[in-house]
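Q: Here are the chains, one letter per residue:
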Amino acid sequence: MTVPIECRQDETFVLNLGPQHPATHGVLRVKLTLDGEYIVEAEPVLGYIHRMHEKMAEDRNFAQFMPNTARMDYLHALAFNHGYCLVVERAAGIEVPERAEYIRVITVELNRLISHILWWAAFLLDLGGFTPLLYAFDDREQVLDLLERVTGSRLTYCYFRFGGVYNDIDDEFITGTYAFIKRLRSRMPTQYHALVTGNIILQKRLKGIGIITEEQSRRYGCTGPVARGSGINYDIRKNEPYSVYPEFDFDVPVYHECDSMARYMVRMDEMEQSMRIIEQALDKLPDGPVKAKVPKILKPAEGDYWASVETARGNLGHRLVCDGKKNPYKLKLRSPTFCNLSCFAEVSEGMLLADALAFMGSLDLVIPEIDR
Amino acid sequence: MDTSIWRPILYLIGFMAFAGLNAAYLGWCERKGAGRIQRRTGPMEVGFQGLLQPLADGLKLMSKQLLVPTGVDGILFRVAPILAMIPALTSFAVIPFAGNIQARSVELSVLLLFALASIAMMAILLGGWASGNKYAVISAARSVSQNLAYEIPMLVTVITVVMITGSMNLQDIAVHQQGGFWHWNIFALNKSILMPISFIIFFICSIAETNRAPFDMAEAESELVAGFMTEYGSMGFGLFMMGEYLNMVVGACLVTILFLGGWDCPFGLFPGVWWFLLKIYILLFTVIWVRWTFPRTQIYKLLNLSWKILIPFSLVNLLVTAAFIKIF
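Chains as they are written, first to last, in this note's numbering: chain A, 1 to 372; chain B, 1001 to 1328.
Since the hints were derived computationally from the structure, they do not count as laboratory data.
Beta carbons are placed, not taken as given, at the ideal position from N, Cα and C, and that holds for glycine.
Just so you know, nobody snuck in bad clues.
In silico SDA-like cross-links for lysine to any residue, where the CA-CA straight-line distance does not exceed 20 Å:
(1) B/K1301 / A/I200
(2) A/K330 / A/R90
(3) A/K204 / B/R1212
Facing chain B, according to a computed beta carbon distance under 7 Å, are these residues of chain A, among others:
(4) D126
(5) G129
(6) I201
(7) L202
(8) K204
(9) L353
Just chain A, same shape as in the assembly (with noise of 0.2 Å):
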């Protein structure tokens, strides 16, 4: 319900929403103008969870920097792990295994899949539906135990290794992988459709608010089911395919609304696409060795690389300098959610508090990975 603001400048008031509030997901600050309900003008004020990663990738070799990229976006961090590799792979000349590839694709699409139904619970939770908060975390924690028995740890995956992957995948984790597939596929319609999409008021919530165009979406960068959400069929899986997408068989949703409601539909169709990667990994899993023989200290040529990935967020890319020593000279970060977060303020304006916080919610908004 956009209407056009005329006020006078002492009839506004500023609202510091955040560090520290409910609806903001960390510790992000939008500095709101409110005139009454309506905002007049968003600045969303970041840095206050910056910790000098990029830096800390020049301080040290390669192989160090490793965990790090997991502690940016923690809801998808076997994809930032993936970005990593994939640049200082592309950098040093690794070949890597394909089972590898293999189990890389499976644990990242089970990984998006967790970071988007963990989005699906928050973002309920900013619009007041505390239950499917607990139904959701209840699936997660099915796939947390899965990533768990492979990766070693819950949450900050540091799993990925130049030129493979650190543990084999065993049957227990395959038969539980199919396992978990069936049982989300039968909640799907009923748990996410039917009680929460098809609920009335969250429809009349997210039909026609927060409106982000194509234009806009293309002017601020915006990618990922952002993008998705605004009509631009963009995905890096498809468009710049990296390790072994181009041999699964999946489609990209699109839906041009543009509206909360379109973002939050390309989300639930993206769960449904990378089930049927990961069922289509499972069943062409080929034998062979995980890693392959890499020196401990790399030293890649001099040179510029760039390489970027999907995560659920939208496009990672990661730009590597090197100068032949065994740290990098620059790393560089591309993170998605810093540019989706950017039109917040062209698109907010105009919008009411409750409108602009479901909006917000909508982004998928994960802070460390801003603030980096």
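For this one, chain A is given, so just place chain B on it according to the hints.
A: Leaving out everything else, chain B in the frame of chain A:
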């Protein structure tokens, strides 16, 4: 009427105990109910099934300091929680729990209850305003517009009931519906075919009046932190919570008396206070159930619901009832 001094004293003690137990244990019921709905167990630690939890919570709240931040309006800040509690407590004086259990049979008791409910809204307004917190002020403004919007359909619906029974005395309204469920106002189709709808309108309005989810605009925690209660701690917060639960009880009592026949048994068996209690607790359970199932609405959609749907419907209902009464 018995004029002995013991009567008011006994009723006072009785209602205080009833109100106190309800305010404390509805919180426990809510947490247990939420737990069940969310596949948890709810409180389990203090006492059997967590039954002593309200006591522990009360002790904790009372042992905390009532912090009055600088920059707040000291008097209003302290008065507001009391104002949230008192009207709800006073309302019990006129509610007939059974034919012979009523502290005071007031001729205009329906009107009195609505007047008291408006004071409860003032508590939120004052609490939010006095806090000097922007979230609290937004919450107070929301709460006022919400209460104004929902009091109109509520009152119009009450007028229909009053027209049917010809009395504004709760006792008379309840007595009028005795003798089985087909006499209840909700099923009084011979008076007006829209009675079931007016029951639903009234029930929705009573949820909105008590600021319960999905209409909990005033304390929308993901938007306004804790709304008007943001700056309150200790028993100030405790009184607001107790006031909210008591308002829920009063709302349920009102729905029961106006539409569900008060203490009447659906099949004419053993009418008495237990039927009344059964009905209000079923209604209260429904309110808790709704809260943990639905997401929150948005303030303007909430107001639209009232102004564009509930008010026209209740007005039509009023006209239809008037026509029915005139014709038959």
